[in-house]
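S.K.: The listed protein sequences correspond, in order, to chains A and B.
All residue numbers for the first sequence refer to the working numbering, where the first residue is 1 and numbers rise by one.
All residue numbers for the second sequence refer to the working numbering, where the first residue is 1 and numbers rise by one.
These are computed hints drawn from the structure, not numbers from a lab.
Accuracy of the hints is not assured; some may be wrong.
Calculated cross-link-like contacts (lysine-lysine; reagent style BS3-like; alpha-carbon spacing at most 25 angstroms) [said to hold, decoys possible]:
#, chain 1, residue 1, chain 2, residue 2
1, B, K88, A, K111
2, A, K60, A, K105
3, A, K11, A, K105
4, B, K87, A, K60
5, B, K88, A, K60
6, A, K2, A, K108
7, B, K153, B, K53
8, B, K88, A, K2
9, A, K11, A, K108
10, B, K109, B, K87
11, B, K153, A, K2
12, A, K60, A, K2
13, A, K60, A, K111
14, A, K105, A, K2
15, B, K109, B, K88
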Amino acid sequence: MKLAISINGNKLDSPFDPRFGRAAAFCLVESETGAWTVHENPALSASGGAGVQAAQFVAKLGAQAVISGAYGPNAADTLSPAGIEMYLMPGNETCTAAEVLALFKAGKLSKTAAATHAGHHGGAH
Amino acid sequence: MRIVVASGKGGTGKTTIATSLALAAGEGVRFLDCDVEAPNAALFLAPQLTERKEVGILLPVVDENICTHCGRCAEVCEFHAIAMIGKKTLVFPELCHGCGSCTLLCLEKAISERLEVMGVLESGPTPAGIDFAQGVMNVGEPMAVPIIRELKKWQRFGLDTAENHRLLDQQFEIRDAPPGASCPVVETMRDSDFLLLVTEPTPFGLHDLKQVAEIARELGIPAGVVVNRDGIGDNAVEAYCAEAGLPILLRIPMERRFAEAIAQGQTLVEVAPEYREKFLLLLTKIQGYVQETMA
Numbered sequence: 001m002k003l004a005i006s007i008n009g010n011k012l013d014s015p016f017d018p019r020f021g022r023a024a025a026f027c028l029v030e031s032e033t034g035a036w037t038v039h040e041n042p043a044l045s046a047s048g049g050a051g052v053q054a055a056q057f058v059a060k061l062g063a064q065a066v067i068s069g070a071y072g073p074n075a076a077d078t079l080s081p082a083g084i085e086m087y088l089m090p091g092n093e094t095c096t097a098a099e100v101l102a103l104f105k106a107g108k109l110s111k112t113a114a115a116t117h118a119g120h121h122g123g124a125h
Numbered sequence: 001m002r003i004v005v006a007s008g009k010g011g012t013g014k015t016t017i018a019t020s021l022a023l024a025a026g027e028g029v030r031f032l033d034c035d036v037e038a039p040n041a042a043l044f045l046a047p048q049l050t051e052r053k054e055v056g057i058l059l060p061v062v063d064e065n066i067c068t069h070c071g072r073c074a075e076v077c078e079f080h081a082i083a084m085i086g087k088k089t090l091v092f093p094e095l096c097h098g099c100g101s102c103t104l105l106c107l108e109k110a111i112s113e114r115l116e117v118m119g120v121l122e123s124g125p126t127p128a129g130i131d132f133a134q135g136v137m138n139v140g141e142p143m144a145v146p147i148i149r150e151l152k153k154w155q156r157f158g159l160d161t162a163e164n165h166r167l168l169d170q171q172f173e174i175r176d177a178p179p180g181a182s183c184p185v186v187e188t189m190r191d192s193d194f195l196l197l198v199t200e201p202t203p204f205g206l207h208d209l210k211q212v213a214e215i216a217r218e219l220g221i222p223a224g225v226v227v228n229r230d231g232i233g234d235n236a237v238e239a240y241c242a243e244a245g246l247p248i249l250l251r252i253p254m255e256r257r258f259a260e261a262i263a264q265g266q267t268l269v270e271v272a273p274e275y276r277e278k279f280l281l282l283l284t285k286i287q288g289y290v291q292e293t294m295a
């Protein structure tokens, strides 16, 4: 299964980033073989709609599931119709993408079907 | 001639200055309350709001029967309000700014638009003969800019004709800006002829004055300063204006009777009629600066 893990760095050993839309990058990893690549998140600097943009990005990368710490409503509304599963990794412990992958393989991560928090949008601009 | 009264910092006296300026300018002046999140100039000018119009933005509606899922709309959307996921086109109304790029650039003409109402425009005459209009944003809406844009476009004669534009150009227009220094303020200032920046001689007043003065420079619109509550605080505003080449056009001292009258819904020129002349002089100065800029 192709997984996209939100990370802050450029390798599998980089720290996990609990944010989805504003993650620095995504580590795309094939859970069976362990083969991985890292892709900078184009939504990091978006003025708005980061969740939508990041979701489209991981969909284009061919991810079948995402592991992140939280999903906003727009991210969830884009990932769900794309058939991409959303896994939750508790974000209050520091760990690497490799460790997240190990937890996923061990079946320790829970799935969510909906957004985990309200949107960030709504500020004056 | 279009004059915008702005300040950055809230509560410096934008509405106090704008309403008195309008009363001094006299009958026929157009007054726009562009602080659509909390318009309050009507409390002072007491217009009879006889006209009303619902406004908002045009949201894209995608006809999935025509859409070829080429993804062009999602690509051109600067705000990521349209996403293309496989064979589905998703629209996120709360991210849409209503720019119309997706509709315009859809090769298949699969996108139509529907009006998403975000607020109302209201207008009518005041007892003093001011042609008053305000925008009122619906509670919970995140974007004020579309309402301000519509308010500026709203012709009092109803029709968007050359003759009406000529009449409007001859007319004095005073716009009371929202506080802050973000998009709604910029939209209020756009296509105006002069920016009257109201400040107070305090560190907060100065901090925000610098921000709006910076916007004025960026937009290339001449600006001048009104120092309200003159006599409090320090001399930093004075020093900044001298350094930045911003003329101080009017000073209003800190006086308890002004504060009391304004708290009761009176205007400055009502409580202190001697200010009528000062505001007329202010208008003359502004006209001078505008003519200088145009020359």
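S.K.: It remains to establish, for every hint, whether it holds in the given structure.
M.R.: Going down the list of hints, with the structure as the test:
Restraint check: the Cα-Cα separation between K88 of chain B and K111 of chain A comes to about 23 angstroms, which is no more than 25 angstroms; the hinted pair holds. Annotation: proposed proximity of K60 of chain A to K105 of chain A holds, straight-line Cα distance about 23 angstroms (limit 25 angstroms). As the CA atoms of K11 of chain A and K105 of chain A are separated by approximately 19 angstroms, the hinted pair is consistent with the 25 angstroms bound. Only pairs whose Cα atoms come within 25 angstroms are accepted, and K87 of chain B paired with K60 of chain A is accepted, the gap being roughly 13 angstroms.
A C-alpha spacing of about 14 angstroms is found between K88 of chain B and K60 of chain A, which places the hinted pair at or below 25 angstroms, so the restraint holds. For the given pair, K2 of chain A sits about 17 angstroms from K108 of chain A by alpha-carbon distance, which is consistent with the 25 angstroms threshold. Of the pairs offered as hints, the one joining K153 of chain B and K53 of chain B holds, with about 12 angstroms between alpha carbons and a cut-off of 25 angstroms not exceeded. Between K88 of chain B and K2 of chain A, the direct Cα distance comes to roughly 21 angstroms. Compliance with the 25 angstroms bound is thereby established for this hinted pair.
Distance restraint check for K11 of chain A and K108 of chain A: the Cα-Cα separation of roughly 22 angstroms lies within the 25 angstroms cut-off, and the hinted pair is therefore satisfied. For the hint linking K109 of chain B to K87 of chain B, the alpha-carbon distance of about 17 angstroms falls within 25 angstroms, and the restraint holds. Between the alpha carbons of K153 of chain B and K2 of chain A the distance comes to roughly 52 angstroms, so the proposed pair goes past 25 angstroms and is violated. Among the hinted pairs, K60 of chain A with K2 of chain A is consistent with the structure: their alpha-carbon atoms are about 12 angstroms apart, no more than 25 angstroms.
With a C-alpha separation of about 21 angstroms, the suggested pairing of K60 of chain A with K111 of chain A holds against the 25 angstroms cut-off. For the hint pairing K105 of chain A with K2 of chain A, the CA-to-CA distance comes to about 12 angstroms; that is within 25 angstroms, so the pair holds. Among the hinted pairs, K109 of chain B with K88 of chain B is consistent with the structure: their alpha-carbon atoms are about 16 angstroms apart, no more than 25 angstroms.
Figure legend: structure checked against the earlier numbered hints; the only hint not met is number 11.
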